[in-house]
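Novice: First to last, the sequence lines map onto chains A and B.
The letter at position 34 of the first sequence is residue 34 when you use the UniProt record's numbering, and the numbering goes up by one with no holes.
The letter at position 126 of the second sequence is residue 126 when you use the UniProt record's numbering, and the numbering goes up by one with no holes.
Take the hints with a grain of salt, since some may be wrong.
Treat identical chains as interchangeable: a pair holds within one or across any two.
To be verified - Capping the alpha-carbon separation at 20 Å, the derived lysine-lysine pairs in PhoX-like fashion look like this:
1. Lys167 x Lys188
2. Lys355 x Lys244
3. Lys355 x Lys179
4. Lys167 x Lys291
5. Lys329 x Lys179
6. Lys291 x Lys170
Calculated from the structure, these hints are not laboratory results.
Number of protein chains: 2
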Amino acid sequence: MSMATSIQTLLLHHPTNLFNHNNNSPNTIRITTTTTTTPSFKPIFIKCAATTQIQTPPPSTSQDRVFNFAAGPATLPENVLLRAQSELYNWRGSGMSVMEMSHRGKEFLSIIQKAESDLRTLLNIPPEYSVLFLQGGATTQFAAIPLNICTADDTVDYIVTGSWGDKAFKEAQKFCKPKVIWSGKSEKYTKIPSFHELEQTPDAKYLHICANETIHGVEFKDYPTPKNGSGILVADMSSNFCSKPVEVSRFGVIYAGAQKNVGPSGVTIVIIRKDLIGNAQGMTPVMLDYKIHDENNSLYNTPPCYGIYMCGLVFEDLLEQGGLKEVEKKNKRKGEILYNAIDESNGFYRCPVEKSVRSLMNVPFTLEKSELEAEFIKEAAKEKMVQLKGHRSVGGMRASIYNAMPLAGVEKLVAFMKDFQAKHA
Amino acid sequence: MSMATSIQTLLLHHPTNLFNHNNNSPNTIRITTTTTTTPSFKPIFIKCAATTQIQTPPPSTSQDRVFNFAAGPATLPENVLLRAQSELYNWRGSGMSVMEMSHRGKEFLSIIQKAESDLRTLLNIPPEYSVLFLQGGATTQFAAIPLNICTADDTVDYIVTGSWGDKAFKEAQKFCKPKVIWSGKSEKYTKIPSFHELEQTPDAKYLHICANETIHGVEFKDYPTPKNGSGILVADMSSNFCSKPVEVSRFGVIYAGAQKNVGPSGVTIVIIRKDLIGNAQGMTPVMLDYKIHDENNSLYNTPPCYGIYMCGLVFEDLLEQGGLKEVEKKNKRKGEILYNAIDESNGFYRCPVEKSVRSLMNVPFTLEKSELEAEFIKEAAKEKMVQLKGHRSVGGMRASIYNAMPLAGVEKLVAFMKDFQAKHA
Numbered sequence: 001m002s003m004a005t006s007i008q009t010l011l012l013h014h015p016t017n018l019f020n021h022n023n024n025s026p027n028t029i030r031i032t033t034t035t036t037t038t039p040s041f042k043p044i045f046i047k048c049a050a051t052t053q054i055q056t057p058p059p060s061t062s063q064d065r066v067f068n069f070a071a072g073p074a075t076l077p078e079n080v081l082l083r084a085q086s087e088l089y090n091w092r093g094s095g096m097s098v099m100e101m102s103h104r105g106k107e108f109l110s111i112i113q114k115a116e117s118d119l120r121t122l123l124n125i126p127p128e129y130s131v132l133f134l135q136g137g138a139t140t141q142f143a144a145i146p147l148n149i150c151t152a153d154d155t156v157d158y159i160v161t162g163s164w165g166d167k168a169f170k171e172a173q174k175f176c177k178p179k180v181i182w183s184g185k186s187e188k189y190t191k192i193p194s195f196h197e198l199e200q201t202p203d204a205k206y207l208h209i210c211a212n213e214t215i216h217g218v219e220f221k222d223y224p225t226p227k228n229g230s231g232i233l234v235a236d237m238s239s240n241f242c243s244k245p246v247e248v249s250r251f252g253v254i255y256a257g258a259q260k261n262v263g264p265s266g267v268t269i270v271i272i273r274k275d276l277i278g279n280a281q282g283m284t285p286v287m288l289d290y291k292i293h294d295e296n297n298s299l300y301n302t303p304p305c306y307g308i309y310m311c312g313l314v315f316e317d318l319l320e321q322g323g324l325k326e327v328e329k330k331n332k333r334k335g336e337i338l339y340n341a342i343d344e345s346n347g348f349y350r351c352p353v354e355k356s357v358r359s360l361m362n363v364p365f366t367l368e369k370s371e372l373e374a375e376f377i378k379e380a381a382k383e384k385m386v387q388l389k390g391h392r393s394v395g396g397m398r399a400s401i402y403n404a405m406p407l408a409g410v411e412k413l414v415a416f417m418k419d420f421q422a423k424h425a
Numbered sequence: 001m002s003m004a005t006s007i008q009t010l011l012l013h014h015p016t017n018l019f020n021h022n023n024n025s026p027n028t029i030r031i032t033t034t035t036t037t038t039p040s041f042k043p044i045f046i047k048c049a050a051t052t053q054i055q056t057p058p059p060s061t062s063q064d065r066v067f068n069f070a071a072g073p074a075t076l077p078e079n080v081l082l083r084a085q086s087e088l089y090n091w092r093g094s095g096m097s098v099m100e101m102s103h104r105g106k107e108f109l110s111i112i113q114k115a116e117s118d119l120r121t122l123l124n125i126p127p128e129y130s131v132l133f134l135q136g137g138a139t140t141q142f143a144a145i146p147l148n149i150c151t152a153d154d155t156v157d158y159i160v161t162g163s164w165g166d167k168a169f170k171e172a173q174k175f176c177k178p179k180v181i182w183s184g185k186s187e188k189y190t191k192i193p194s195f196h197e198l199e200q201t202p203d204a205k206y207l208h209i210c211a212n213e214t215i216h217g218v219e220f221k222d223y224p225t226p227k228n229g230s231g232i233l234v235a236d237m238s239s240n241f242c243s244k245p246v247e248v249s250r251f252g253v254i255y256a257g258a259q260k261n262v263g264p265s266g267v268t269i270v271i272i273r274k275d276l277i278g279n280a281q282g283m284t285p286v287m288l289d290y291k292i293h294d295e296n297n298s299l300y301n302t303p304p305c306y307g308i309y310m311c312g313l314v315f316e317d318l319l320e321q322g323g324l325k326e327v328e329k330k331n332k333r334k335g336e337i338l339y340n341a342i343d344e345s346n347g348f349y350r351c352p353v354e355k356s357v358r359s360l361m362n363v364p365f366t367l368e369k370s371e372l373e374a375e376f377i378k379e380a381a382k383e384k385m386v387q388l389k390g391h392r393s394v395g396g397m398r399a400s401i402y403n404a405m406p407l408a409g410v411e412k413l414v415a416f417m418k419d420f421q422a423k424h425a
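All chains, please: the whole structure from these sequences, using the hints.
Specialist: Here's what the structure looks like:
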């Protein structure tokens, strides 16, 4: 290992440690490392060519980071980003970036196989389920689900608890006979139905839910059991995927866009019971046919390699945190302090969602004095808390607090909310 | 700008310059910079916490890079990778990675808009064409083209010059009535037909070609004119996109996976004449409907943001090189020396493709003594030239020499080929 390499490694992983000094415009830096082999210090002098300030520096210390409450793409774990940065140019001695690797080469195969294996460990996925890494987002799955799971004449049931469930239902109309058996629309999508009140269609081929509605902040805390013979429960878990343990065997299909909790946009993960694969309708585009991807281990055509690599780094990080039970604890704590701040504001802040089904991932709220909302968002941004504006379809604010949002980010937001209220009460 | 920032910038952009010294295991480094404001040197001492060697260093100098002849994902420009690395953790002071940005935020909008604008400049795309950034690879377009451009009853023509054209034809069979009007299969896909001999179907809705066959190394040097009334020429340009100027107005649709010449995998670019948008068949999945993506400027759902950002960096680089005419000159020079090495080997190396239509991107070749091919690939890899094995369907060798393959890489390969021949002649 060269010194250049070790310092770059150190610098990329610990930029603040390495440069933790008080003088903001030094001319000379001596970097001292201690090794076990050579006890004495030997200074090396390196004269930099630059005699004027570099004009476009990328700020790169933790202090420069914002707290990003975007609903997705969303904040990623800082250590994952630093790891990705450190090996972007040359992945682990391969002489190339992950972005340059043949998807059929041994290096990338090791990446995708480890990503799948770690995900299987995280979610305790039974062997009778396939894991597919696909493209096109949940929106592509809105078509792929009916195209693969039923015929054009089949009836299927949809519980619609928000905009995404509604979109899934509408897309299914092209490929089968979907029926909305419950909709929260008249109550502005603030509820989840009681399961025993659901009137499921007796011969429905599957029952579809959106496990967490990103826009409305409504989350299933338990799951309904399909009453039809085949018993296939299908869930869009895009915005709460890997935020807590899930009993996979209760589902026929789980699908999720990666860009909330587990990676960048451009990767869609499908977990599907193997016996549901292989019956796609005749006019299914080959890229929407689960059988093709399953037979080819997600390598029928070129997959979104870099995104899959990033997901793999996130999975490793989640395992290092102790797995999804530990992750869930952290998410509960974050949700608790944010919802408490809203509920204890004497109505200054309001969350419209029924308490028992409030999302731990997406927290929508409004101000009693709605004319202050623009100022709230603006002032928060000044304090480096960004993307707090609610979805354009519902207004107000929304704080998305996915796995990678640190507790410190939520604490800072809550402190800001209290200050803002004190100023404007 | 902090010192930390400027040194990280310097280090990421010029890793070899900064650490250009002879001592491989120093304990201390003094980095000296000269500024215009403070003439004296003030040493700053930073003690690193690490007391043992870091175990997993990412090698990060140019010397560690291989020449990667993979067919895609493929080698990317070194300066683009270094730029991406330098701003991965914090994009231009935004406090976040491009991977974390909301696709509806002003930062990402500036990225996708500049990417489109630069691509329009590079290819001189007329205003009556839309540019779409999609997902799913060319394989998804094999379905989207017929679903958007014709009805189920329409006849369409396919010229099949290799495996990819054949796949496009087969997928179209689900959605319309495609006809192969010429196939090079019986001659092992080594030719392009004479255009005047083509028997086009009079009422064919479009004529489809694959402009460059990645596996077989056959490239259209000019383009046929559709004889049907509507005159729609459709081209899969995945593996020669942006390798040379193209007269876009001759085409109805150009589509390309990014992972050969312009970026990582996971991004598909579609350039389509606007009057062809808006007539999708009824059962077209929403994600395959060009109208939806056109109306929403490729932001109907979450696009593959990081891939689009990388494409944008590549487009900037291509413009800085002087545009596609200059790029084409470099590609011609690289192709010339490699094909010459094959043709001047007295049959030791052989390229089966007819000379006038040899691809400047993918150069397939075999050895007269085929039993030496495995050794050729192995020995080349020892000299840091990797991914030279031919596609599993055709065997032999294949050197993909896309835009980002430097002349030095081709020169090194040619020198190796001559040495190898001298050893084994």
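Novice: Now tell me, hint by hint, if it's right for this structure.
Specialist: Evaluated hints:
1. For a Cα distance limit of 20 Å, the shortest separation of lysine 167 from lysine 188 inside one copy, 15 Å, qualifies, whereas the shortest one across copies, 46 Å, does not.
2. With identical chains, the CA atoms of lysine 355 and lysine 244 are at most 20 Å apart within one copy only, with a shortest distance of 19 Å there and 60 Å across copies.
3. Taking CA atoms no more than 20 Å apart as the test, lysine 355 paired with lysine 179 passes in neither setting, with 28 Å inside one copy and 60 Å between copies.
4. In this assembly of identical chains, the alpha carbons of lysine 167 and lysine 291 lie at most 20 Å apart only when taken from different copies (17 Å versus 24 Å within one copy).
5. For the homomeric pair lysine 329 and lysine 179, neither the shortest alpha-carbon distance inside one copy (36 Å) nor that between copies (59 Å) is at most 20 Å.
6. For the homomeric pair lysine 291 and lysine 170, the shortest alpha-carbon distance between copies (17 Å) is at most 20 Å, but the shortest distance inside one copy (24 Å) is not.
When each numbered hint is compared with the structure, violations occur for hints 3 and 5.
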